[in-house]
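Visitor: Quick mapping for you: the protein sequence lines, in order, are chains B and W. For the first sequence, the numbering used here assigns the number 1 to the initial residue and increments by one for each residue that follows. For the second sequence, the numbering used here assigns the number 417 to the initial residue and increments by one for each residue that follows.
Careful, some of the hints might be misleading.
Which residues of chain B face chain W? A partial, calculated answer using Cβ under 7 Å [what the hints assert, rightly or not]:
hint: 1; residue: L144
hint: 2; residue: A145
hint: 3; residue: R391
hint: 4; residue: L393
hint: 5; residue: G394
hint: 6; residue: L395
hint: 7; residue: E399
If you want the ones that stay clear, here's a sample from chain B, every Cβ over 12 Å from chain W, calculated [as the list claims (entries may be wrong)]:
hint: 8; residue: A117
hint: 9; residue: S181
hint: 10; residue: H311
hint: 11; residue: F328
In silico SDA-like cross-links for lysine to any residue, where the CA-CA straight-line distance does not exceed 20 Å [to be verified]:
hint: 12; chain 1: W; residue 1: K447; chain 2: B; residue 2: A384
hint: 13; chain 1: W; residue 1: K447; chain 2: B; residue 2: K137
hint: 14; chain 1: B; residue 1: K137; chain 2: W; residue 2: D508
hint: 15; chain 1: W; residue 1: K447; chain 2: B; residue 2: G412
To be clear, the hints were calculated from the coordinates, so they are not data collected in a lab. Here the structure is a predicted model, which is why all the values come from computation and not from measurement. Positions of the beta carbon are idealized from the N, C-alpha and C atoms, including for glycine.
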Amino acid sequence: MHSPAGWDAAERAARESYGRLVAWLAFRWRDLAGAEDALSEAFLAALTRWPRDGVPEVPDARLLAAARNNLRQRARRVRVEQSPAVQALLQDEAEVPAAAEIPDHRLNLMLVCAHSALPQRVHAPLMLQAVLGLDAKDIAGAFLASPSAMAQRLVRAKAKLRDAAVRYEVPEARERPARMSAVLDAIYGAYGIGTNVAVNGLDGGAGGTWFELTREALFLGALVAHLLPDNAEASGLLALMRHCEARRPAQFDAGGRFVPLVQQDTTLWDRALMAAAEAALLQAAGLRQPGHFQLEAAIQSAHSQRAFTGHTPWPAIAALYAALVEHFPSTGALIGCAVARAEAGDNAGGLRMLGALASDEVAGYQPYWIALAYLSGRNGQGDASRRALERALGLTADERIRRYLQTVAATGRWIW
Amino acid sequence: MQYMLIYRETQQAFDVRNDPANAPAYWGAWKAYIGALSGAGVMVSGNGLQPPETATTVRVRQDKREVQDGPFPDTREHLGGYVVIEVPSLDDALTWAARSPNVTTGSTEVRPVLPPLPGPQD
Chain B
1 MHSPAGWDAA ERAARESYGR LVAWLAFRWR DLAGAEDALS EAFLAALTRW
51 PRDGVPEVPD ARLLAAARNN LRQRARRVRV EQSPAVQALL QDEAEVPAAA
101 EIPDHRLNLM LVCAHSALPQ RVHAPLMLQA VLGLDAKDIA GAFLASPSAM
151 AQRLVRAKAK LRDAAVRYEV PEARERPARM SAVLDAIYGA YGIGTNVAVN
201 GLDGGAGGTW FELTREALFL GALVAHLLPD NAEASGLLAL MRHCEARRPA
251 QFDAGGRFVP LVQQDTTLWD RALMAAAEAA LLQAAGLRQP GHFQLEAAIQ
301 SAHSQRAFTG HTPWPAIAAL YAALVEHFPS TGALIGCAVA RAEAGDNAGG
351 LRMLGALASD EVAGYQPYWI ALAYLSGRNG QGDASRRALE RALGLTADER
401 IRRYLQTVAA TGRWIW
Chain W
417 MQYMLIYRET QQAFDVRNDP ANAPAYWGAW KAYIGALSGA GVMVSGNGLQ
467 PPETATTVRV RQDKREVQDG PFPDTREHLG GYVVIEVPSL DDALTWAARS
517 PNVTTGSTEV RPVLPPLPGP QD
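Make the full structure from the sequences, and use the hints.
Guide: As structure tokens, this is what we get:
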């Protein structure tokens, strides 16, 4: 039922319906946990049944009807006290909305999940659970948290949303940009985790769910861009993730060894995804609202030119990074900028940028040590390069990258 | 918070230590990892251990002393070493655990260290 290629269409349909219904009920009841509880049994049944028997014609209505049936049966069996939310679902019968009429509140639900009243580290996990129905155990594995701690964090976050009476309304126009940027950050954070660590192919727990974090982040990114066509950064983020995703088939060779970007076989890059990335970037550019996701997407777009021209336009990339660092400085951007500058011919300038970073900020940050090893090696500082490379090696969690760095250390060469 | 990271390795991993072709990569990965722990300033203490066949295990049952060669009990993974680190949270400890070279074949257990037991005068 679950293939490494990702979710099949039926599972996708079940999650799509689930997300829409959770969002709809959460907004009606102002209670996310209550909405999830009401739908959970029906959703699990759909995950098993739909891939086997086919997706029903009106999936949302079917799932909602099944949820109601479950609740009614349970109410008959055990006369437990029902939460007001569950009562509401049972009494709501008169207004069963036709599938197409259920308003899509998923974007608003994502805004609630990324609420500033919640700790930032719970934003993405909460979104993955609320909108896609992923279970806490799978999410914990992806985010490298203990399963019990992750479950507790999610429960606490939902209770806080309910008790703090976080407004389940659509945010006002003036607070929307800040709230949206928290949503986009969480999605990109999830995507980054999916690409950095060997979490892909995570085998789920009892529920038997299987997911690739990168795919889910891409799905959420596409959803946000689709629901908010006038938000340039949403399209910028989508373009950025699609460009990165297009190159993933070339990132590791047949033997499972990491292949650096400049050495990747461009014929393995996914042309359809690259075109989709460019389309999203073009749409963003048309809106004339610059932002860091668009700049980062433009950098990746420049890298992708090698597929057509045979060479990487380093001066253009260095200029884009310079703009990124000027307007949206971050440790990651500074490191990327330093490397691009070196590749564009100013190795000493790149090294100076790395040297200016605060040492406590980079002590545990592997990309810094890789960049330092690379640039100091090009500068003829063999010892400094070897020391930095060893540090990078010790900070690496991905076995495929560890083997690559070991080869670099043994041969003194970064590409071959 | 202090956590102990307990590194468990498979017999194959212990065998690699003496395999001339693969031993350098094995020791290199551990040296780099321990170096990164020190470099990040989180290392409190720690040791690598000789392989399980060098172990001797002592038990006393019903006033009878039992001494056996090798570790107890028989498991697929054996203790290969440990460190104690000082980090702000379990999340940070797990990040370091995920980087340990043994996790792809063995496992790393993370345990909070007990605070010192109260002394007689407390």
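Visitor: Each hint needs a verdict: does it hold in this structure or not?
Guide: Status of each hint after checking the structure:
Residue-level restraint check for L144/B holds (minimum Cβ-Cβ distance to chain W is 5 Å; threshold 7 Å). Because the closest C-beta pair between A145/B and chain W is about 6 Å apart, less than 7 Å, the hint holds. Taking 7 Å as the C-beta contact cut-off toward chain W, the hint placing R391/B at the interface holds, the least distance being around 6 Å. About 4 Å separates the beta-carbon of L393/B from the nearest beta-carbon of chain W, less than 7 Å, and the hint is met.
With its C-beta approaching chain W no nearer than about 3 Å, G394/B sits inside the 7 Å limit, and its interface hint holds. At its closest, the beta carbon of L395/B sits 5 Å from a beta carbon of chain W; the interface hint therefore holds under the 7 Å criterion. The beta carbon of E399/B is positioned within 7 Å of a beta carbon in chain W (closest approach about 5 Å), and the interface hint is therefore held. The claim that A117/B lies off the interface holds: its Cβ sits roughly 20 Å from the closest Cβ of chain W, which is beyond the 12 Å cut-off.
The beta carbon of S181/B is kept farther than 12 Å from every beta carbon of chain W, the shortest such distance being approximately 23 Å. The non-interface label for H311/B is consistent with chain W: the shortest C-beta to C-beta separation is roughly 34 Å, beyond 12 Å. At roughly 25 Å, the least C-beta separation between F328/B and chain W is larger than 12 Å, which holds for a residue marked as non-interface. A C-alpha spacing of about 17 Å is found between K447/W and A384/B, which places the hinted pair at or below 20 Å, so the restraint holds.
Taking the CA atoms of K447/W and K137/B, the gap is near 32 Å; set against the 20 Å cutoff, the hint is violated. The hinted pair formed by K137/B and D508/W meets the criterion: a straight-line CA distance of about 18 Å does not exceed 20 Å. Taken as a hint, the K447/W and G412/B pair is honoured in the structure, with Cα atoms around 18 Å apart against an allowance of 20 Å.
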